[in-house]
Each structure stands twice: as C-alpha cells, then as structure tokens.
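Top to bottom, those sequences are chains A and B.
Take the position in the first sequence, starting the count at 1, then add 103; the result is the number in my numbering.
Take the position in the second sequence, starting the count at 1, then add 103; the result is the number in my numbering.
Keep in mind that a hint or two might mislead.
Same chains, same label: a pair holds when it works inside one copy or across any pair of copies.
[Said to hold, decoys possible] Below, simulated DMTMM-like cross-link-like pairs (lysine to aspartate or glutamate); rule was C-alpha separation at most 25 Å, straight line:
id : residue 1 : residue 2
1  : K129      : E170
2  : K129      : E294
3  : K252      : D298
4  : K251      : E130
5  : K169      : E295
6  : K353      : D298
If you are wondering where the hints come from, they were derived from the structure by calculation, not from laboratory data.
2 protein chains.
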Amino acid sequence: MRPLILVTNDDGINAPGIRALIEVAKEIGDILVVAPDKPQSGMGHAITINSTLRINPTNVTEVDHKEFSCSGTPVDCVKLAIGRLLDRKPDICISGINHGSNSSINVIYSGTMSAAVEGCIEGIPSVGFSLCDYALEANFEASKIIAKKIILNLLEKGLPNGVCLNVNIPKLPFDAIQGIKVCRQANAIWEEEFDERKDPYGRNYYWLTGVFKNLDGGEDTDEMALKNGFVSVVPIEIDFTAHHAIDEIKKWQL
Amino acid sequence: MRPLILVTNDDGINAPGIRALIEVAKEIGDILVVAPDKPQSGMGHAITINSTLRINPTNVTEVDHKEFSCSGTPVDCVKLAIGRLLDRKPDICISGINHGSNSSINVIYSGTMSAAVEGCIEGIPSVGFSLCDYALEANFEASKIIAKKIILNLLEKGLPNGVCLNVNIPKLPFDAIQGIKVCRQANAIWEEEFDERKDPYGRNYYWLTGVFKNLDGGEDTDEMALKNGFVSVVPIEIDFTAHHAIDEIKKWQL
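When you get a sec, could you build the whole thing from the sequences and use the hints?
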C-alpha cells in the first residue's frame, strides 16, 4: 500500500513552494493537501478558537489526490485533516516548502514548522521544509531533490516520539549544495525595528521589521551549516521543559 | 531604584486576570502594561507581519504607571514594548494571569506563555501565570499571593539564559493550596473534535473543540502537581533542539 502523506504549509495553498512539495509527495504516496487559503507566515502555533473554520475542496478536476483550502492557521489545517478529513492517521506529515528561512529562532514564529510540530503532537512523523529564498519566483528544483531524499528516510526510519524535523535548504543550485548536516538550533535573535508611519487621518501605525543576529559561534548550528552551503536538519522537541534548570529553580524560596 | 516590570497577557488588557497581576506588580516595581486590545487566546507565538500594528494609551488618568493597548498578538506586545515604548530593558517580563490552564501541551498554543517566551528571547527573566479557571469572574486572590512570591524570587535569583517559567495555579482557595512544585511538562494531547454546523446559506463551518488527555503517568509532571493541589512551575526552554535525537538522525542515508 502506498503511504498516506498529509501536506500543508503557511504560505497558502497556491504558493509555488507547496506546489513543488506536492509534486514530490505524489511520486511517493497518496496525498491529502490541507493548506491555508491565504498567507499565514509568522502565525506560529496559533489555533482558531474565537471564530469559525471553513474548508473547501480546491481541485475538483484532479482525481489522483485531494486538496482543501482552510480559512484557518497551519495548525488548524493539520487538526482538521486528522480530526475531520482523514479516515486513518497519515503515515507522515510534511509542511512547506516555505518561501524563506525557518532556521534557528525562526522555528518559534514559523507557521510551517508549527504545522510539523502539530503533526508530531498527533504522533505522526513530521517535517517542515524551508528554502532560504523569500521570492515568490524562487527556484525549488534543488529543494525537491533534497525533500524527496528526506521524506524517503522519514518513511523508512521514522522519528523518536515527540521529535520532528526542521529542514532548511540554502539558496543554491543542486550541484553547489555541499551536503546535508544534522545540527542544533543556533542561538540567534531578531532585533526589532518598528517602522512608524502616519495614516491618512494623522494617527500613528507600525510595521514590524527587524535585523537578524546570529549570536552563536558554534560550528554545529543550522546557521553555520547554511552559511557553508549545507542543508540543515534540526530535530525539534515538543517537550519544552528545560530539564537542566529544574534543580536550580527547586532552590528558590517557594 | 524600583525594578521595571513589563506586564502583558493574552486575554486582553481589560481581563480581570491582568488587572490582578497589575495590582501585584505595582506593589513591587514600576510597571509598563502593553496588552492586546482584544482576546488573543490560542495565538501561540504568532506575530503580525502581513498587516499593521497600532498602540494606544489606555489609562491617561493614572499617573503611577503607563498602559497601552495593542492591536496585535501577545508577542507583538512584548516586541513593541521593548522596541518602541521603553527606554531601557525591563528587569522582568510577566504575563497573565491567564483565565484557564496553560499546563503541559497547552504551553505550545498559549499566547500568555508565548509572550513570556518572547521576553526570554529578548534576554529578560520572564514568567507566565495561569489560573486553572476559565471563568471571567474567576477568583484571583490566591493567584496574587503565589504570583508575588514567584516574582520576588525571579527578581532576586534571575533565570538561566534561554529559560522562562510556566506557572499554573489550581482553582483552590489559598489555604487549600498544598505548595509550589517545580516539575516537567506532562505528555498530554487534545483529541480534536470539530463541531460541524450549517450557516444560514447552507454551507458547512466548524468550531474547534476537543478533549484533553493526559498520557503521562509520571509523578513529576505539572498535571500531577495540579491534580494534587499544588502550583506547578515548569522551566521552559527556547532552544527547541532535540539534542538526544541528533546522533540517531545522523545515521540516516543523507
């Protein structure tokens, strides 16, 4: 039996990145696509609890796979797929290919990765793919080869409980990519800068912008791998407990 | 000099929970409140990048502290406070008191906790407080005593880099609370159920609902602490790397 693959993303169901990932997934298994009906970048692990959700079939003409657009967040898409649209649990859940990096601290803000984390919470081996190129017309040819390789490994080997994968691919032609490195999340931050403007009524409003700063000098980080032309693969934990800090905080006067 | 305390939440600036936390914080230090202008529960670590942000002063009559409502998410509130409203980094960042539990897996979906995580990313000792009572008219008297004790410890002892605290308080009168336990995040999930309805035009829509399931039999979890009448304190990590899984995944054929 062909594996059942759930496909989602955060750039929306019509983004070139998810179309590339669908092409790869169709070569490997039966697929269900449930993806946002509009861009949902930066939505993190948001879920829709104060309003309603809608799902609509989008490819009524294609017979070999099903696609639904969803009015909610990437995490809503995974929940709806599993809770409502699928008769059985998918074998794997894949998210992306994101237009832009989700390396280091970006994993926390990323809708793409939150969808993979949600798949992982549901007990499904899950991976998020991102290409380090924000352009709509980004070239996904190298990413497709990388994604296929990782998906085949994921299907064969699975993942430890509570762990999913954050895969970032450098903006390079396939021949220039140096390899694939399993690494850790770099310690990096966004230094926020708010662009202040005035609306036509004279009131202030703001756009969130920022400058990315890698604070991590380590050789074993995703940022370093990408900088050196490697694909980075970071295993991500859904147990957020800082186990190493428990004894320290037990010393508090509580 | 009195410490500078940044206060936020996800239930919105007018929620009784944040009013209770403001009362506590004012006894301890100078405060800046930046909180969402509407409920933002379940927003996780979402940030606003596809639309604009507004901030408005809300207590123009009170002289002893400043409050601003923000059109964005809890994480936006923290970013705006630090990037735009404050001249210096706050000494601590406190979020809540949330109306409802953020224990175990809820930490991932929680706007309250994501605000604390964002404070932590910015290098500020941060804590999120939640009372296990979803009611608007919840009684925060015991929570205020607990919050004060933890805030005073936080100011005195600080936290390790990259670690913040997730504090959950059982719905009990203060005298019935058994103590404060430092613990780990329980392995628990929400089993989704989607409530399907028809709109006046005959089209389907869905409400996300679910049943909480604790899959963790451990004695050292937040769920167990709360069940036994203790306050749970879980240190939360912003390095999401599953370090223990790196060697396993290095064995893949990549």
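_At most 25 Å between alpha carbons: which applies to K129 and E170, within, between, both or neither?_
within (12 Å within a copy, 53 Å between copies)
*Using 25 Å as the alpha carbon limit, work out where K353 and D298 are close: within a copy, between copies, both or neither.*
Neither: 43 Å inside a chain and 43 Å across chains, both beyond 25 Å.
*Could you figure out if K251 and E130 sit no more than 25 Å apart (CA to CA) within one copy, between two copies, both or neither?*
within (9 Å within a copy, 58 Å between copies)
*asked:* I want to check one pair: K129 and E294. Are their C-alpha atoms no more than 25 Å apart within a copy, between two copies, both, or neither?
replied: Neither: 40 Å inside a copy, 29 Å across copies.
*Can you tell me if K169 and E295 fall within 25 Å by alpha carbon in one copy, between copies, both or neither?*
Answer is between; shortest inter-copy Cα gap is 21 Å, intra-copy 40 Å.
*At 25 Å max between alpha carbons, let me know whether K252 reaches D298 within a copy, between copies, both or neither.*
Neither. Shortest intra-copy (41 Å) and inter-copy (38 Å) distances fail the 25 Å Cα cut-off.
The structure fails hints 2, 3, 6 (numbered hints given earlier, in ascending order).
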